[in-house]
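Asker: Sequence:
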Amino acid sequence: MTSVLWLRRDLRRRDHPALLAARDAAGDGDLVVAFVVDPRLWDGGGAVRKAWLAANVKALDEALDGNLTLLHGDPRSVVPELAQRVSATSVHVSRETNPAGVRRDEAVRDALAERDVEWVETGTPYAVGPGLVVNGSGDPYKVFTPFSKAWRQHGWPEPAATPRELPLRHARNDADATAALDAALSASDLPDLPEPGEEAALRRWRRFRDEHLTEYDDDRDRPALDATSRMSPYLKLGVVHPRTLLADIADERGKGADTFRDELAWREFYADVLHQNPRSAWHDLRPALQGMRYDEPEDAVEAWKKGETGFPVVDAGMRQLLAEGWMHNRVRMITASFLTKDLHVWWPVGARHFLDHLADGDVASNNHGWQWVAGTGTDASPYFRVFNPVTQGEKFDPSGDYVRRWVPELRHLEGKAAHEPWAHDGGYDHGYPQRIVDHKEEREEALDRYQAVKG
DNA sequence: AGCGTTTTGAG
DNA sequence: TCAAAACGC
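Under UniProt numbering, the first residue of the first sequence is numbered 1, with each subsequent residue one higher.
If you're looking for bench data, these hints aren't it; they were derived computationally from the structure.
A few of these clues could be false.
[To be verified] DSS-like mimics (lysine-lysine), calculated; alpha carbons at most 27 Å apart, straight line:
id	residue 1	residue 2
1	Lys416	Lys454
2	Lys306	Lys416
3	Lys255	Lys440
4	Lys454	Lys142
5	Lys142	Lys306
Owing to the predicted nature of the structure, the values given are computational and were not obtained by experimental measurement.
Could you put the whole structure together from the sequences, leaning on the hints where they help?
Answerer: Printed below as a string of structure tokens:
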């Protein structure tokens, strides 16, 4: 008897419940671990996401001593074909959250059923998992704070033990799949991505835990310090499991650890929100701003994407995004506020750009984060909360180091001066662009438009 | 997880 | 007089 474990996006080697369950189901038989490159999805994906995924697939293959089977094609046909080729009785898969992924899973499950191959959903890339945190009446939460309380109350399993030995069998790779991964890794204009793979993720994690966790509460909002965990790209692909991180700091009682757990809870909250409201991926979750008037200012959006708005902290963030495939969370909020409130652009435009360039790009976290800023989400910031890009910059990057790191044209300005080139002699001497809008005016315009739809 | 303005109250 | 608190968007 042989089991196929289809990992797809879940690229963990160890502490993987699905892996252990599949091993147990295989009994004396072999395990075949497979990853499917689905050209229909692959061709539509952004270059950054593809490269990051490809790098981690390769890292997993290496960790499995070359035993990862790469498939290329429509999962509805290639998975049943592989199952038949290796005489599999079951396919084990980590549960999907994204509604589009759930629909694809269902199609594959049906195709397998025709061949009497069992579809087993095991594990989830969340500590608890979407749909499982509910109130006394069995309803999902709509507000973060009660959700996070119930989430902690709910608890989660310990990470699964590292399997000492896996009875792995290597099935032949599909040449097209290998070629697709190689092509993704050699794309031009790729950002400097983090080191792929579980070992690299855990090294980064331990550094964060030892050097930054206790001060996380204060330092996480300071983009110049790089005091955040940077686990998001790994969590996105399941390279590390949140239960591994939670178990590692289970005895930490400090404020820093509590705040870090809260950040993981936000990720689970948004996955839950998407699970309950599949449409909210690309549509306003709440009708609060129905009828809101939006603009489509092509040149301004282009300047925003390139980091040439003339607002230092906004430009620093947008350039970090292009350079690293990652942006500090505080700066994500500032840049998102700028697009939605200063340029009056509908949030999905920004969410799409972020998804195209973030290695950690995740529909649930990214798009609900955008809805939080835009004021249309569950537990969203009220629309009238308009970030002032200058005071935000001065407050959270008081040294100006973050701005100077990403905006070379402002390196000649010392300290806070980097946030206000217009207020200093020679501020524009090195080619930094003028501000593309007047923040005070656009803030009032945003509030006026809000007033018009309120009621 | 805001901002900008007005009001309040200690000194 | 001025910083903190309150308030409305």
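Asker: Provide an ascending list of the numbers of those earlier hints which the structure does not satisfy.
Answerer: Hints 1, 3, 5 contradicted; others consistent.
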